[in-house]
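Enquirer: For the record, the sequence lines run as chains A and B. Its first residue numbered 8, the first sequence is counted upward by one per residue in this note's numbering. Its first residue numbered 8, the second sequence is counted upward by one per residue in this note's numbering.
The hints are simulated quantities; they were obtained by calculation from the structure and are not laboratory data. Hints may contain errors.
No copy labels: a pair is met if it fits in one copy or bridges any two.
Pairs of lysine to aspartate or glutamate residues, derived as EDC-like cross-links and limited to a Cα-Cα distance of at most 16 Å, are as follows [to be verified]:
1) Lys-165 x Asp-53
2) Lys-208 x Glu-113
3) Lys-266 x Glu-85
4) Lys-231 x Asp-91
What follows is each chain in one-letter form.
There are 2 protein chains.
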Amino acid sequence: MRLGRSNMTNDLLVQKVKTWLYKTGELAKKLEKSQLQITTKSSRNDVVTNVDKEVQRFLVAKIESEFPEDKILAEEDEKSSLVDMSGRVWLIDPIDGTLNFVFQRENFAIMIGVYEDGIGKLGFIYDVMRSELYWGGAGLGVFCNENKLESPKNSGAKDGLWGINVGMYVQNVGNIQAVGENAMGVRMIGSAGLEFISMLKGNTIGYISNLYPWDYAPGVVLIKEFGFKASGLDGLALTFNGQQYFIAATTQAYNEIMKMC
Amino acid sequence: MRLGRSNMTNDLLVQKVKTWLYKTGELAKKLEKSQLQITTKSSRNDVVTNVDKEVQRFLVAKIESEFPEDKILAEEDEKSSLVDMSGRVWLIDPIDGTLNFVFQRENFAIMIGVYEDGIGKLGFIYDVMRSELYWGGAGLGVFCNENKLESPKNSGAKDGLWGINVGMYVQNVGNIQAVGENAMGVRMIGSAGLEFISMLKGNTIGYISNLYPWDYAPGVVLIKEFGFKASGLDGLALTFNGQQYFIAATTQAYNEIMKMC
Numbered sequence: 008m009r010l011g012r013s014n015m016t017n018d019l020l021v022q023k024v025k026t027w028l029y030k031t032g033e034l035a036k037k038l039e040k041s042q043l044q045i046t047t048k049s050s051r052n053d054v055v056t057n058v059d060k061e062v063q064r065f066l067v068a069k070i071e072s073e074f075p076e077d078k079i080l081a082e083e084d085e086k087s088s089l090v091d092m093s094g095r096v097w098l099i100d101p102i103d104g105t106l107n108f109v110f111q112r113e114n115f116a117i118m119i120g121v122y123e124d125g126i127g128k129l130g131f132i133y134d135v136m137r138s139e140l141y142w143g144g145a146g147l148g149v150f151c152n153e154n155k156l157e158s159p160k161n162s163g164a165k166d167g168l169w170g171i172n173v174g175m176y177v178q179n180v181g182n183i184q185a186v187g188e189n190a191m192g193v194r195m196i197g198s199a200g201l202e203f204i205s206m207l208k209g210n211t212i213g214y215i216s217n218l219y220p221w222d223y224a225p226g227v228v229l230i231k232e233f234g235f236k237a238s239g240l241d242g243l244a245l246t247f248n249g250q251q252y253f254i255a256a257t258t259q260a261y262n263e264i265m266k267m268c
Numbered sequence: 008m009r010l011g012r013s014n015m016t017n018d019l020l021v022q023k024v025k026t027w028l029y030k031t032g033e034l035a036k037k038l039e040k041s042q043l044q045i046t047t048k049s050s051r052n053d054v055v056t057n058v059d060k061e062v063q064r065f066l067v068a069k070i071e072s073e074f075p076e077d078k079i080l081a082e083e084d085e086k087s088s089l090v091d092m093s094g095r096v097w098l099i100d101p102i103d104g105t106l107n108f109v110f111q112r113e114n115f116a117i118m119i120g121v122y123e124d125g126i127g128k129l130g131f132i133y134d135v136m137r138s139e140l141y142w143g144g145a146g147l148g149v150f151c152n153e154n155k156l157e158s159p160k161n162s163g164a165k166d167g168l169w170g171i172n173v174g175m176y177v178q179n180v181g182n183i184q185a186v187g188e189n190a191m192g193v194r195m196i197g198s199a200g201l202e203f204i205s206m207l208k209g210n211t212i213g214y215i216s217n218l219y220p221w222d223y224a225p226g227v228v229l230i231k232e233f234g235f236k237a238s239g240l241d242g243l244a245l246t247f248n249g250q251q252y253f254i255a256a257t258t259q260a261y262n263e264i265m266k267m268c
C-alpha cells in the first residue's frame with residue numbers, strides 16, 4: 008500500500024523514516040567492514056565512498072517508491088541540485104562527515120530533513136556508531152531515540168564553546184576570529200550533524216561553517232524547535248541552493264554575533 | 008598492608024591505580040550533578056572546579072599513603088611544580104579538558120602517568136562518561152578496559168586527520184598551518200587525553216598543542232608503546248617542566264613534519 012503525502016500522519020512518517028535510517032545504519036556498518044572504495048570529488052579532502060552512494064541509493068529508492076510526487080535534494084551524484092523548494096522536499100546527507108567515516112569509522116551521521124514549501128517539518132540525525140538517533144520536528148519536540156530532550160539554556164555568545172570550521176577560522180571569514188576569542192573556546196568535530204547534536208545537548212552555543220543544504224537542513228529543523236536561530240553568516244536567509252557560509256546559535260548569542268561581525 | 012616501590016609488581020600497581028580511577032570517576036559523576044564551583048586561574052578560559060580539586064585530593068592522598076617516598080606532579084594547587092624527575096614520579100591531571108567538563112559534562116578525562124627517573128612506565132587515561140579506561144605501559148601493550156588494542160598504521164603526515172590546538176593554528180606557531188593544509192583535515196576535541204585516545208585508535212595521525220607535563224605524560228607512555236614519537240614542537244626532548252609546545256605523531260608523520268616545519 009502506498010500512502011500519499013496527504014493521508015499520512017507525521018507519526019507514521021517519522022516511524023517510516025526511522026525504520027529506513029536503522030537499515031542504512033546496518034548497511035553502513037556492514038560495508039565499512041569490507042574495503043572502502045574512496046573517490047575524490049572537488050579536491051583531495053572532498054571524498055565520497057561506496058557507502059555514501061549505497062546509503063543514498065537506498066533512501067532515494069524508498070522515497071521515490073513511497074512518495075513519487077516528492078522532490079529529493081541529496082549530496083551525491085545527480086541529486087545534488089534542485090530548482091526550487093516548492094512542494095515536499097527530502098534533503099539527504101547519506102554520510103555526513105565522510106572524512107571522519109573514512110579515517111575514524113565513527114563521528115559521522117546519516118541525515119534526512121523533510122521540508123514543505125521551504126518550511127522545515129522534520130529532521131533526523133543518526134549517529135550510527137553511538138546508536139543515537141536525534142529526531143523531531145516543528146511542534147513535535149526533539150528526541151534522542153525515545154527520550155524527549157529539554158531545550159538548552161539561551162546562553163550568550165561568550166558563555167560557552169563554539170563549533171567553528173577551522174579553514175574559515177584561519178581565514179577569519181566574516182571576522183569570526185572575534186567570535187572564537189570572545190567565547191570560552193572553539194571545537195571542531197568534522198561533521199555538521201554532530202555539531203548540531205552538540206548544540207541540541209547544550210555542549211556548544213553555536214556553529215559556523217561552510218555548508219550545503221543537506222548539511223544544515225535536518226539540523227536546522229531540530230535546533231529551531233529549541234529556539235536557536237540559523238541563517239547565512241551574512242544574516243540573510245538560507246538559500247537551500249549550493250554552498251553557503253552558515254551560522255546557527257542560541258537566540259541571544261546569534262543576536263550578539265550579528266552586531267559583532 | 009603497605010607495599011613499597013620495590014616489592015610491588017607492575018600488575019598489582021596497575022590494578023591499584025585502576026581501582027582508584029574508577030572511584031574518582033564515580034566521585035566526578037556525583038559532584039557534577041550538584042552545583043559546580045568554578046574558579047578562573049590565569050585567564051577567563053583557564054578554569055578549575057571543585058571536582059578537579061576533589062579528584063586530585065583523592066589521588067594524592069592514595070599515593071602519599073601507599074607510596075610515601077614517591078613524588079607527585081599534579082595540575083592543581085601546590086603540586087604543580089617539581090624540581091626534577093628522579094625517582095618515581097606520579098603525574099596527575101584530575102580533570103583534563105576542564106572547559107568540556109564544565110560546559111559539556113563529557114569529553115574530559117582523568118589521567119595518571121607513572122615515570123621512573125624520567126622514563127615513562129605506566130599511563131592511564133580514563134574517559135569517565137564513555138566508561139573507557141585506556142591504560143598500558145612500557146612492554147605491557149595498550150588496553151581499552153580489558154581489550155588489548157592493535158597498533159594503528161604508521162601513516163604519513165598527509166594521510167589522515169590531525170588534532171591541533173586552534174589558538175596555535177591561527178597564530179601559525181612553528182608553521183603548523185602547513186601541517187594542517189598538508190593533512191586531510193584538522194580536528195579539535197578540547198581534551199589532551201581524548202586527543203591521545205584518538206591517536207591510539209588510529210583516528211588521528213598526530214597532535215600538536217601547548218601542554219603541561221600532566222597533559223602529556225600519561226598519553227606519551229601509551230602512544231610510544233605503539234611506536235609514535237613525541238617531543239617539543241622544536242624537536243627537543245619534553246622538559247616535564249612548565250608549559251611546552253608539543254607534538255606527537257606516527258614515526259613516519261613525525262619525521263616528515265620535522266623536515267617540514
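Enquirer: Each hint: holds or not?
Expert: Each hint, compared with the structure:
Taking the closest pair of Cα atoms, Lys-165 and Asp-53 come within 16 Å of each other only across two copies (14 Å); inside a single copy the shortest separation is 32 Å, beyond that limit. Proximity of Lys-208 to Glu-113 under the C-alpha cut-off of 16 Å is restricted to the inter-copy arrangement: shortest distance 11 Å between copies versus 19 Å within a copy. In this assembly of identical chains, the alpha carbons of Lys-266 and Glu-85 never lie at most 16 Å apart, being 39 Å within a copy and 43 Å across copies at closest. In this homomeric assembly, Lys-231 and Asp-91 never come within 16 Å of each other (Cα to Cα): the closest approach is 22 Å inside a single copy and 55 Å across copies.
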